[in-house]
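Going by my numbering, the sequence shown opens with residue 1, and the numbers climb by one from there.
Treat the hints as calculated values from the structure; they're not laboratory data.
No experiment lies behind these values; they were computed from the predicted model shown.
Any given hint could be a false lead.
Stated by the list, open to error - Label pairs and their computed distance ranges (CB to CB): (1) A109 to E84: 18 to 28 Å; (2) A59 to R92: 17 to 27 Å; (3) K108 to G65: 34 to 44 Å; (4) R92 to P70: 14 to 24 Å.
Said to hold, decoys possible - No farther apart than 30 Å at their CA atoms in a straight line, the calculated lysine-lysine pairs in the DSSO-like style are these: (5) K26 to K38; (6) K105 to K26; (7) K26 to K108; (8) K38 to K108; (9) K105 to K38.
Beta carbons: idealized from backbone N, C-alpha and C, even for Gly.
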Amino acid sequence: MPLPAILFDEMLDHARALPGAEYDVKWGGTRVVSIGGKMFLVCGEAGISYKVDDGDFLALSGLPGMRPAPYLARARWVQVVSLEALAPDDIRRGIERSRELVLGKLPKAQRQAWS
1 MPLPAILFDE MLDHARALPG AEYDVKWGGT RVVSIGGKMF LVCGEAGISY KVDDGDFLAL
61 SGLPGMRPAP YLARARWVQV VSLEALAPDD IRRGIERSRE LVLGKLPKAQ RQAWS
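Use the sequences and the hints to build the structure in full.
Have a look at this one:
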């Protein structure tokens, strides 16, 4: 079962409400949410992608309805393509964690501004 279109909007709204979130449209229609100029959520035709902890990458990307995110897998991003394994609340928590991971890589001044 593919992701319902409304889920994309719900996840984007959730991500955009997080402190320091910046919304943009890139690559001809892919919706992206960033912090400090660094992406933490990508919503495209194929699914919803976000960064995960290194230790969780293999387990998450192997779940039904999940896969390594195209072009971003080496940076430990997963893509949700259906709701077989994760509920919407799980995805929301994943997006929040993705923001934390990306925020942790920003310069100290930016981290403090949005922590």
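Going down the list of hints, with the structure as the test:
Take A109 and E84: their Cβ atoms lie about 41 Å apart, and the range 18 to 28 Å is violated. Hint check: A59 to R92, Cβ distance near 19 Å, so the stated range 17 to 27 Å holds. Between K108 and G65 the beta carbons are some 37 Å apart, a value that agrees with the proposed interval 34 to 44 Å. A hinted range of 14 to 24 Å for the beta carbons of R92 and P70 is consistent with their spacing of about 22 Å.
Between K26 and K38 the alpha-carbon distance is near 13 Å, which keeps this suggested pair within the 30 Å criterion. Note on K105 and K26: the hinted pairing holds, with a Cα-Cα distance of about 22 Å set against a maximum of 30 Å. Among the hinted pairs, K26 with K108 is consistent with the structure: their alpha-carbon atoms are about 27 Å apart, no more than 30 Å. A distance of roughly 14 Å separates the Cα atoms of K38 and K108; the hinted pair therefore holds under the 30 Å criterion.
In summary, the hint linking K105 to K38 is supported, as the alpha carbons are separated by about 9 Å, within the 30 Å threshold.
The structure shown violates just one earlier hint, number 1.
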